[in-house]
Every structure is written in structure tokens, then in C-alpha cells.
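Visitor: Next come the chains, spelled out residue by residue.
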Amino acid sequence: MQGYFSKPSPPSDDRRWKLVDGTMRRHGHEPSALIEVLHTVQESFGFLTQEALLYVAKSLRVPLSKVYGVATFYHFFSMKPAGEHTCVVCTGTACYIKGAPALLKAIEETAGIRPGETTSDGKLSLVTARCLGSCGLAPLAVYDSEIQGKVTPEKIREHVRGFMEPAVAVCAAAETGVGA
Amino acid sequence: MNQDDLKNIAIEEQEKNSAIQHEIKVCVAASCISSHSDQVKSALEQEVKARGLGECCKVKGVGCMGLCAAGPLVSSHHGEQMFQSVTASDAAAVVDTVIENKPAPAAIVLDPKQPFFAMQKKIVLENCGEIDPERIEDYIAVGGYEALFNALTSMKPVQVIEQISKSGLRGRGGAGFPTGLKWSTVAKAQAPNGKYVICNADEGDPGAFMDRSVLESDPHRILEGMAIAAYACGASKGYIYCRAEYPLAIKRLKDAIRQAERLGVLGNEICDTRFSFRIEVRLGAGAFVCGEETALIHSIEGNRGTPRPRPPFPAQSGLWGAPTLINNVETYANVAPILRNGGEWFAAIGSERSKGTKVFALAGRVNNTGLIEVPMGVSLREIVFKLGGGIPDGRTFKAVQTGGPSGGCVPEQYLDMAVDYESLASVGSIMGSGGMIIMDDSSCMVDVAKYFMDFCTSESCGKCVPCRVGTAHMLDLLAKMTNGTAEQEDLALLERLAEMVRATSLCGLGQTAPNPVFSTLRYFRDEYLNHIEHKGCAAGVCELKPLAARVGA
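Sequences listed follow chains U and C, in order. All letters in the first sequence, in the order written, are residues 1 to 180 by my numbering. All letters in the second sequence, in the order written, are residues 1 to 553 by my numbering.
FYI, nobody ran anything at the bench for these hints, they're computed from the structure. We put the beta carbon where it would ideally sit given N, CA and C, even for glycine. Treat the hints loosely; a few may be bogus.
Stated by the list, open to error - With a cut-off of at most 25 Å between alpha-carbon atoms, the simulated BS3-like pairs for lysine-lysine come out as follows: (1) 60/C x 254/C; (2) 7/U x 18/U; (3) 251/C x 18/U; (4) 150/U x 386/C; (5) 480/C x 105/U; (6) 16/C x 49/C.
Claimed, not checked - So, partial list: chain C residues that the calculated Cβ filter (under 7 Å) puts toward chain U: (7) 31; (8) 34; (9) 206; (10) 207; (11) 212; (12) 244; (13) 283; (14) 285; (15) 287; (16) 301; (17) 363; (18) 369; (19) 370; (20) 425.
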């Protein structure tokens, strides 16, 4: 064992590394804090970059193989950058029974992407969730961070079109969509 | 902080509340918030302020009132008056009704005496929809933390466990293991390096949202239950393992912990005794298998969430090798009321072998989707047709799915069965954590089995072969059935494979993964045969090739 451990310095002077460092410090740089730290990385950067995995591995003294193993094991972590907008469709049982497959089909028809994919222009990512826990409002979709219940294929099409178009149209869609 | 301080806070808070004549409660749990109840709340606050009623009328954000489908919900006069689907523009009408007793528009009136509310018995959810989940004082005013302080000052740990054992409480996570027995095993375990208490809030079953509602509506209840458990078992550190998909629940838990530490109901030397207890929240990261206790422990330790063979059970060797108590959210929520009212009180509720109440999440093809709490032993028919208000759109009931991907489908002939752990197991399902998905004739049971198998396949952690490979093959077979390419022998193969996966998988996920297949085969075998022999799907869900096209091919 090395007698003295010196923490590596962040890969860049991006201020978001301060948040990551903060979480590591709060947990005393314990290897057991790995998942908590990865949560902070994803929250700050949107996804887990290779650079971040290396930095976290060194800082927590965990083998990179293990960091990679943990990052790929859990569905919540993403190693790909997300699109400008995200649309989450819940595929829990209640939503499934009440028509989530039709919603996914509607998005595929409108934007040409399947769950886990991002449009080629980087405008929209489609994600599925296992259950968002608002089953009373099934089927559910989340546009960026706004949850919407009792979604129909028509409504989701309208929203997706809004996301795909230039900024002016997005605002218009958001205004009409919110009260629905 | 000691008992007198606690009492003073309660009295002060009660006095403050009694000065207010009218209290308008707005649900601020996740379901209603996604229907914009936060806007409703601020509109009501503005309305009250504009009319100069600030002195006698208070708008309060509260937890889940249960009937999520009709949200956002608003209640007043201690729940005797309720409003549904309220929007910000209804604020004036609501205030008119509450203060001046004017009749409210019919569209927003909700009958609080309907069976959905009247037939419930609330223990776990008693504070949900009543108190402000973001204020510890509100919880203390309704007797919160009293049970903990009483236990600390006037009961020995053994006596606490005795009350829990007497109550007959069983684990609400699904398996129904007697809670008292689990506690005493941990209490008796030798622990040179301390013990741990863990709350399993990784509610992974799709279609279940009981724990989320409790965490969002009454977070202090869980902290109190955990602290009592820690005292009984001799632990000084606790973890709440909560799904990252529940951001509101996580925020409220963290706030609650901070408030409790500030007041001194958690932390060092609680209630001037030598008992110290701290709680940390750990986030899950979207792995269903982490609901399994050994996988959950691995995840808290910062590893991949894979299970390990038991024994040793976590009660002997759990988190970092120390004796560890793991209970579900709802189990902890039952602890404080049991200590407050005594074990016998709890044992008098429910059926012979399953005591107390159970919270169910009603969802799917039912009119009243939402959260209910009923005594164990109530019949499924009452739950679906009285509390649930029956099936919408004039369709017919087909089955109720309980227990999520580990459970099964209960068909119509068992609707009059009293619901408890044993009865559900006897018909091939399980109690599970309490999700109930109601299905009507628009659901295809083969497709439902495929849905759950798809879930288990992608959630299998990959550690043991039967689960990793077996579920994938079962999914293939089910996919063949639903796309019209299955042969008769595929059915026999599916049954053999299901039995093998059940018998040889390492953990509960794999062992119970075939349950949806078993139960649908048991009660809806004709649907399977119809898919295979006639390439037909009565519900019209599966996109089967027409028979003629196949013959021609």
C-alpha cells in the first residue's frame, strides 16, 4: 500500500467538478460512496463521461473496471449524452395496460426513434421508465422534467413535434400543452 | 430534547391550529403535483389573502388523499368536504364553499362518504392527507415521536420486540416474514462492530406506489419507526435505500432527517438517554433486483446490486458483515401506532394469520385508481367493485394482478376470497408489496405474461444462469406465441422451462419470475391455446398473422 494518498485534481477547471468533489468529501472518499458520486456526476454533466469515470475511480481508489461495472449495471446511469429534450414514457404495468405501447409507437412514427435512442439532430431523446409511481394517472409521460398524466398518442405527437422544431414552436407547444 | 420539550412543541402547534377556523388542505404528493396542485395551492393562498381571511383560514399542503385519478384533490372541514380536479381558476369557488357555505360547482364536488373513503381503515396512512409532510412540528402535533420517546424512557428493547411480536405484524415487502421474529434475531446477534437498520424503499414493482406515497406524505413516520427498531435491535446507524425515480420522496426524506436532527429527535443522546441514531439516504439507480435484501446491501456498499446465497441471512451478516435489520417502508410505518396502542390492538385487526391493514395501489382498468388501506381479509370483490368503483367503459372484469412481476393474476372465480398472505399464495399469486392492477377484457393474458417476462429478463442481474438464460428463452417462447409462430410443443417447453427457472434460480427475482406464466397458464390456458392453435387473440392486443396467410405461406 502507498503510505500517503493524494487526491488527483479534476480533469478540467469546469466548475461542475466542484459538485462532484463535494459529494466525495461528504462521504470521506469512501469507496462505498461510488453510486452516490456517480449520481452527482450524472446530475451535473447529464451523463457519465469516460473522463469522469477515470477521475472518480482514482479519487475513490476503486478499480476503473469496477466503476465501469457499476455504471453499466444500473439502468439509471447513462454513458451517452442525452438530446436537447428528453421524453420519458412510463412502461409500468398500469401504463402498459392503459396504452403505453401506443405512445411509443406514436413517437417512433413522428420522430423516428425507439426507446434509448436520440434523434440524429440531437434534439430529442426517448427513454422508458419502469414505473414513475403515479399509476393513478396512467399512461404517463415526462417532457423534460414536467410530468403529464392521461397522455394520448395525439397529445404526445404534438409535444414531440414541438420539441423537434425550432425554438419558437417549442414555446408554443409548451404553452398549449401545459394545461392539457 | 426530552419528553417535556416534545409535549411543549405539540401543545404550541395544537394551539396555533385551534386558532384557525377553516383549514383548506391541498394534496402536494407527486401524483397531484403532476396535475398542477402546486398552482392550485398558490391560487388558494392568494384568494384567501385577497379576501383578508389570513387570520381564520389557512391553506395547507398535505400528503396523498388517495384518489389520485381525481386529482388535484382539496379537502376542508376535516375531510367532510372534498373537491376533485380542482384548477387554479376554481380557487374562488372553493373559498366561497368553505367559508360561506355556498354550493360548489358540481364538477369539482367529491363525495367524501363514497365507499372509496368510507370503507378504508387507516393506520399506515392515518396522517396522509392530514399533516404537512414538510414540517416536523405538524407531525409532532398529532402525537409524532411520542412512541419513540416512550419506548426510550419506559421500555426495554425486549419489551419493544415483545409488543411487535404480539401484534402479529408481518413484513409488508411481500414475503410476509414475522417482523417480531426478525427483530429479535438481529437483537440477539453478536455485533462487535455495531448493527445497522435499513429501510427498503426501492419500490421496484411496476404499478405499485404505496411506499412512494407514504414517504412523500408522512416521512417522519418512517424515521420514527426506524429509530424504534434501532433501539430494539441495538443499532446506531440507519440507511434508507430509496429509488432515484422518486425525487420528491428523496427531498422530503432528506428534509425530514435534517429537521429531526435539528430538534434532537435523531442524533446523539436522543431524549436524554444514551441511545444515539443517525439515518442516511442512499439512492438506488434503477435496478429492480436491488429490492432483494442481499442485492440491496451490495448496492449500499457501492457495488453492483447482485444477490448472494442465503444463509447467512442479513440478520446475522449483512451490511459490511454486521447484523442488519431490513424492513420495508410500510412495515416501519406500522411500528409507531403499534407501540402507541399496544400489540393486542393491532392483532385484533385483520384476518386470523395476517394482522392489521394493508395498503394497496389500485391501478389499471378501474374507475377509482389510487391508494387504499383496508383491513386484511377484505374480499377482492369489495376492493375492485366497491372501493375501486368497478370497471370503466362498461367492460367486463377479467383478472387482478397482484405482486408485480413476482406475482400472478387472480381470475373472477376468486373475487370473493378474503385477501391475505395465505389466500393469495393459495391461488398462485402473492401479496407482494401491494400493487393491484385490474384488467378487463381488453387485456390479453399471454401478452401480460410476456410483458412481465420482458421485465424480468431485462432486470435479471446476470449472476446465475437459470435466471439470466431461462427468462430470455421464456420470453422468446412467449413472443412466438404472441406473433403467431408458436407450435404446440412450445407450450410444453415453456412449462418445463418455467419449472426449472423457479426451482434453480439463486434469488427471489428468478425464483418468482415464472409466476405470471404459471398463473396465466392455470386460469387462462384457453387463451394460450387460442394463440397457438388458431393464431387468434380474443382481446385484439397481439398482432397475429391471419390464419389464411399462414396456410398459404
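Visitor: Evaluate each hint against the coordinates.
Guide: Right, here's what the structure says about each hint:
Taken as a hint, the residue 60/C and residue 254/C pair is honoured in the structure, with Cα atoms around 21 Å apart against an allowance of 25 Å. With a C-alpha separation of about 13 Å, the suggested pair residue 7/U and residue 18/U falls inside the 25 Å cut-off, and the hint holds. With a C-alpha separation of about 21 Å, the suggested pair residue 251/C and residue 18/U falls inside the 25 Å cut-off, and the hint holds. Only pairs whose Cα atoms come within 25 Å are accepted, and residue 150/U paired with residue 386/C is accepted, the gap being roughly 23 Å.
In summary, the hint linking residue 480/C to residue 105/U is supported, as the alpha carbons are separated by about 21 Å, within the 25 Å threshold. Between the alpha carbons of residue 16/C and residue 49/C the distance comes to roughly 18 Å, so the proposed pair stays at or under 25 Å and holds. Annotation: residue 31/C was flagged as interfacial toward chain U, and the flag holds, the nearest CB pair being 4 Å apart, inside 7 Å. About 4 Å separates the beta-carbon of residue 34/C from the nearest beta-carbon of chain U, less than 7 Å, and the hint is met.
Checking residue 206/C against chain U by beta carbon gives a least distance of about 3 Å; that is within 7 Å, so the hint holds. The beta carbon of residue 207/C is positioned within 7 Å of a beta carbon in chain U (closest approach about 4 Å), and the interface hint is therefore held. At a threshold of 7 Å, the smallest CB-CB gap from residue 212/C to chain U is about 4 Å, leaving the interface hint in force. Taking 7 Å as the C-beta cut-off, the interface hint given for residue 244/C holds, the closest approach to chain U being about 5 Å.
A hinted interface residue such as residue 283/C counts as satisfied when its beta carbon comes closer than 7 Å to some beta carbon of chain U; here the least separation is about 5 Å, so the hint holds. The closest approach between the C-beta of residue 285/C and any C-beta of chain U is roughly 3 Å, which is under the 7 Å cut-off, so the hint is satisfied. Of the supplied interface hints, the one on residue 287/C holds, with its beta-carbon coming within about 5 Å of a beta-carbon of chain U, less than 7 Å. The interface hint given for residue 301/C holds, since its Cβ lies 5 Å from the closest Cβ of chain U, which is under the 7 Å cut-off.
Hint on residue 363/C holds. Least Cβ distance to chain U is approximately 4 Å, under the 7 Å limit. Look at residue 369/C: its Cβ gets to within about 4 Å of chain U, closer than 7 Å, so that hint holds up. A hinted interface residue such as residue 370/C counts as satisfied when its beta carbon comes closer than 7 Å to some beta carbon of chain U; here the least separation is about 5 Å, so the hint holds. Annotation: residue 425/C was flagged as interfacial toward chain U, and the flag is violated, the nearest CB pair being 20 Å apart, outside 7 Å.
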